[in-house]
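Participant: Sequence:
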Amino acid sequence: MRILGETTDATPDAVKGPIASTVGQPAGPLSDDGAESWASDFFGAADDGFPTDSSELQQEVEDSIAPLLDPYQNGSADLASVKLDRAAHNKFVQKNLLSLPSYFISLDASKPWLVYWTLHALDLLGTPIPPDTVARAIATLAACQDPDGGFAGGPGQLPHLAPTYAAVNALAIIGTAEAFAVVKRPELLSFLLRMKQPDGSFIMHEGGEVDVRGCYCALGPAKFLNILTPALRSGCGAFIARCQTHEGGIAGVPGLEAHGGYTFCALAALEILQETSRIDLPLLAAWLSRRQMAVEGGFQGRANKLVDGCYAFWQGAAATIVECALARVRAEDLEEESGKREDVDPTDMYDRVPLQKYILLCCQDPGGGLRDKPEKGPDYYHTCYVLSGLSVAQHSYTWSSSEEDIIPRSSAKPCIVGAPGNKLPVTHPIYNVLVPHVARICSHFHLPYTL
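Numbering (the working numbering), first residue to last: 1007 to 1457.
Take these hints with a grain of salt, some might be off.
[As the list claims (entries may be wrong)] In silico SDA-like cross-links for lysine to any residue, where the CA-CA straight-line distance does not exceed 20 Å:
#, residue 1, residue 2
1, K1379, H1450
2, K1379, E1066
3, K1190, A1425
4, K1419, Q1400
5, K1382, H1450
6, K1379, L1164
7, K1382, S1070
8, K1379, Q1065
9, K1311, A1072
10, K1089, K1311
11, K1089, E1338
12, K1429, G1162
13, K1089, G1373
14, K1379, L1063
15, K1101, D1091
16, K1097, F1110
17, K1190, R1377
18, K1419, D1351
19, K1429, G1374
20, K1311, S1061
21, K1089, D1076
22, K1190, V1216
23, K1101, S1087
24, K1190, L1164
25, K1101, S1070
26, K1346, E1409
27, K1097, K1429
28, K1311, P1107
29, K1379, V1140
30, K1311, K1101
31, K1089, G1160
32, K1097, Q1306
33, K1089, L1074
34, K1379, R1446
35, K1101, E1409
36, K1382, P1057
No lab work stands behind these hints, which were simulated from the structure alone.
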């Protein structure tokens, strides 16, 4: 399969906000008995004396990462020497940019995603995208656009909200007039309205399922293209609020278990709508804080699950949005007291250093690309989202009342673990494209369009 063409055969100390957390525990050396002994020493028995499949798998993961983290925990290795292997990751992303092995046929309905993952990964790595690649990307995405609106996973397929989101993000990364001209705004708005349901939710495609991904995948492109009409907004925030669980996280639909990917989509959609006040933010902050693993430093997607590198973005970006939303609430409270509006700097609610350690020491594949965890292979999805999570963890963000958006906090020094060259450009925690690309596409489509 071609990506750009046709298919072929070829700690509490760190958390000073309103949340108590187990993240960021003392980064002392692991004991001779490994990660389980360290965790047991600190927390008591890791499985409370009742081993389960979950606890045994968790132990296996901790054992696999102990040799990678231990030298930097006990001081026998210099953390400042750890590097993000840009050259290897660039090579991994680019080696199959024009042609993929035949087994990728299983992703034939994900072409816009493959374009987005690769372009965003190269963007984060600071790699210029060759003009011929840009031209092929534009042509591929144009071929995936349905005449009646929306983008499909491949030419001639059913338009779907997920590849629509991916396609618009990819076009935002390219950022040329030719790229922006691909999008048929009237037809896209019509498609989004057809996906909208009476309860405020969205179906993913004609006859498809409802979940909070649909809200995000509809509202993100609508915001970029300035077609976020009252009809699209109506009821969406209320539907998302019904998906918050007793734990604090957000489920795909009301009544199910909270999950990191759904939580990000739901929260980002609420932020686009400016309706985060509909949910219990402190409860959500507590849930997110608990998802950072005490031994690994990375995030799990939900309770009793394993760490996964991709959640560096899904959970890390969600935490960043919550930080900014809580800061906005504090600013509004202070304005009521003093009559003067001033933005308030957010308070970190997760530990960025252990997260970056996990990414740099456990998620980099020696052959290039980034992965879920040690002993897993790299892929384009994880390369994109692990790098995105690293960017979010390195930079501080704040809510700007003047710009009505979350922006990089210029007064804050980046938190860079390892070599200075590990610093990545700033990705937007809501849209997950670089911040300048957000400004560029929103500026291009500044004139509204309505049916």
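Participant: With reference to the structure, classify each hint as holding or not holding.
Facilitator: Hints, verified against the model:
1. With a C-alpha separation of about 40 Å, the suggested pair K1379 and H1450 falls outside the 20 Å cut-off, and the hint is violated.
2. The straight-line distance between the Cα atoms of K1379 and E1066 is roughly 11 Å, inside the 20 Å bound, and the hint therefore holds.
3. Between the alpha carbons of K1190 and A1425 the distance comes to roughly 44 Å, so the proposed pair goes past 20 Å and is violated.
4. As the CA atoms of K1419 and Q1400 are separated by approximately 9 Å, the hinted pair is consistent with the 20 Å bound.
5. Taking the CA atoms of K1382 and H1450, the gap is near 41 Å; set against the 20 Å cutoff, the hint is violated.
6. Note on K1379 and L1164: the hinted pairing is violated, with a Cα-Cα distance of about 34 Å set against a maximum of 20 Å.
7. Our distance criterion of 20 Å between C-alpha atoms is met by K1382 and S1070, whose separation comes to about 11 Å.
8. Restraint check for K1379 and Q1065: the C-alpha separation of about 13 Å stays at or below 20 Å, so the hint holds.
9. For the hint linking K1311 to A1072, the alpha-carbon distance of about 18 Å falls within 20 Å, and the restraint holds.
10. For a cut-off of 20 Å, the pair hint linking K1089 to K1311 is broken: about 28 Å separates their Cα positions.
11. Taking the CA atoms of K1089 and E1338, the gap is near 41 Å; set against the 20 Å cutoff, the hint is violated.
12. With a CA separation close to 41 Å, the supplied pair K1429 and G1162 exceeds the 20 Å bound.
13. The straight-line distance between the Cα atoms of K1089 and G1373 is roughly 14 Å, inside the 20 Å bound, and the hint therefore holds.
14. Between K1379 and L1063 the alpha-carbon distance is near 13 Å, which keeps this suggested pair within the 20 Å criterion.
15. The straight-line distance between the Cα atoms of K1101 and D1091 is roughly 16 Å, inside the 20 Å bound, and the hint therefore holds.
16. The straight-line distance between the Cα atoms of K1097 and F1110 is roughly 18 Å, inside the 20 Å bound, and the hint therefore holds.
17. Restraint check for K1190 and R1377: not satisfied, since their Cα atoms lie roughly 36 Å apart, outside the 20 Å limit.
18. For the proposed pair K1419 and D1351, the alpha carbon gap of about 13 Å is at most 20 Å, so the pair holds.
19. A distance of roughly 18 Å separates the Cα atoms of K1429 and G1374; the hinted pair therefore holds under the 20 Å criterion.
20. Annotation: proposed proximity of K1311 to S1061 holds, straight-line Cα distance about 9 Å (limit 20 Å).
21. Pair hint K1089 plus D1076 holds up; C-alpha atoms about 17 Å apart against a cutoff of 20 Å.
22. Simply put, K1190 and V1216 have alpha-carbon atoms about 24 Å apart, too far for the 20 Å limit, and the pair is violated.
23. This hinted pair does not check out: K1101 and S1087 have alpha carbons roughly 27 Å apart, beyond 20 Å.
24. For the hint pairing K1190 with L1164, the CA-to-CA distance comes to about 16 Å; that is within 20 Å, so the pair holds.
25. A distance of roughly 29 Å separates the Cα atoms of K1101 and S1070; the hinted pair therefore is violated under the 20 Å criterion.
26. Between K1346 and E1409 the alpha-carbon distance is near 17 Å, which keeps this suggested pair within the 20 Å criterion.
27. Note on K1097 and K1429: the hinted pairing holds, with a Cα-Cα distance of about 19 Å set against a maximum of 20 Å.
28. Our distance criterion of 20 Å between C-alpha atoms is broken by K1311 and P1107, whose separation comes to about 31 Å.
29. A C-alpha spacing of about 32 Å is found between K1379 and V1140, which places the hinted pair above 20 Å, so the restraint is violated.
30. Restraint check for K1311 and K1101: the C-alpha separation of about 33 Å exceeds 20 Å, so the hint is violated.
31. A threshold of 20 Å between alpha carbons decides the hint, and for K1089 with G1160 the separation of about 37 Å lies outside it, so the pair is violated.
32. Distance hint between K1097 and Q1306 is unfulfilled; the C-alpha atoms sit about 28 Å from each other, more than 20 Å.
33. Using a Cα cut-off of 20 Å, the hinted pair K1089 and L1074 holds, with the two alpha carbons roughly 14 Å apart.
34. Under the criterion of a C-alpha separation no larger than 20 Å, the hint pairing K1379 with R1446 is inconsistent with the structure, at around 35 Å.
35. For the suggested pair K1101 and E1409, the alpha carbons sit about 39 Å apart, so the restraint of at most 20 Å is broken.
36. With a C-alpha separation of about 24 Å, the suggested pairing of K1382 with P1057 is violated against the 20 Å cut-off.
Comparing the model with each earlier hint shows violations of hints 1, 3, 5, 6, 10, 11, 12, 17, 22, 23, 25, 28, 29, 30, 31, 32, 34, 35 and 36; every other hint is respected.
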